[in-house]
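Take a look at the letters that make up each chain.
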Amino acid sequence: MTETKHLLNHLPNDIGGLPADPIQRTDHELEPWEKRCHALADVLDFHKIINTEEKRRGVEALGAEMVGKLSYYERWIAAFANILFQKSILTPSELARKMDEVAARWENDGTERSP
Amino acid sequence: MSQHDHGHPHAEIGHSERPGYYDIMETAVRELLIERRLLGADEIRRQIEVLDSRTPALGAKVVARAWVDPAFRARLLANGRTACEELGITFYDDTQLIVLENTDTVHNLIVCTLCSCYPRPVLGLPPDWYKLKPYRARAVSEPRVVLAEFGTHIPDNIEVRVSDSTAFVRYLVLPKRPDGTDDYSEEQLAALVTRDAMIGVIPVSIGSSQ
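Line order of the protein sequences matches chains U and W.
When we follow our numbering, the leftmost residue of the first sequence carries the number 5, and every step to the right adds one.
When we follow our numbering, the leftmost residue of the second sequence carries the number 2, and every step to the right adds one.
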């Protein structure tokens, strides 16, 4: 009866106080796309399109599996896409088409530039 | 889809390598929003410059000023944001800043258990460990053990206070000025103050530097 209680009391982000591994003092230089993703988050917040709270809830709404498996900025961009769909600012098909376009553009540029 | 553990350093990616799925998604989302004129390409570029301009050196400047100027220290403890703004540190977001002073009886530690809230305008972006589960989960329940893992041993007669950041309220630790620094200039003092000391996981010592 109560074995699922923690799922309601603690959403995936709410991990304060849980047992966890020793601290590993990890860090990494952000990749260019990660830095762009961070700047995008800030600009979305400035324009009140997606604020910090919405971003956090958007990450939470990805669910435990994605929160566990995606990297930090992967979670952000996935959450932004979902929030923009929910707000009817973008549609999934528009994003899919644009992603194909970006990938194709890179393939073309990449072939041109490779030695 | 990438399956690696979150927060671990990614493999070095050369410029000629195909961009990953999420890299492409970021570019696509950004370009669509720019096409809709919901945001400007120049805004993203400018914000990247802002992010690059924020490093722990700003926080160190604030701490050193507080150590040498008691009136500034009082203003800093009363309102972190306006005191930092006095030193020309602009806040590019809506966050408030509360500065927590370490004393002979209190040691402060900051965390964001829900995600990664951090005093970015004065320290830049947080290190990965600050955003990962072990620190976020344990800092609030066993801070002394966590501190010990950073090599910081707080005697039992000193209270450890942990402050959990939110989207709107961020914290910065004002570490104790180390002994033996009476003849240091403000610049020399600032050079001793590290990011980790302003998170509260280590003290400032004469041997430390940025």
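Treat the hints as calculated values from the structure; they're not laboratory data.
Warning: the hint list may mix true and false statements.
[As the list claims (entries may be wrong)] Short, incomplete list of chain W residues facing chain U, as computed with Cβ under 7 Å: (1) Arg31; (2) Ile35; (3) Phe73; (4) Leu115; (5) Gly152.
Note that beta-carbon positions come from the ideal geometry of N, C-alpha and C, so glycine has one too.
To see whether the hints hold, each was checked on the structure:
no. : hint   : verdict
1   : Arg31  : 6 Å, holds
2   : Ile35  : 10 Å, violated
3   : Phe73  : 28 Å, violated
4   : Leu115 : 5 Å, holds
5   : Gly152 : 10 Å, violated
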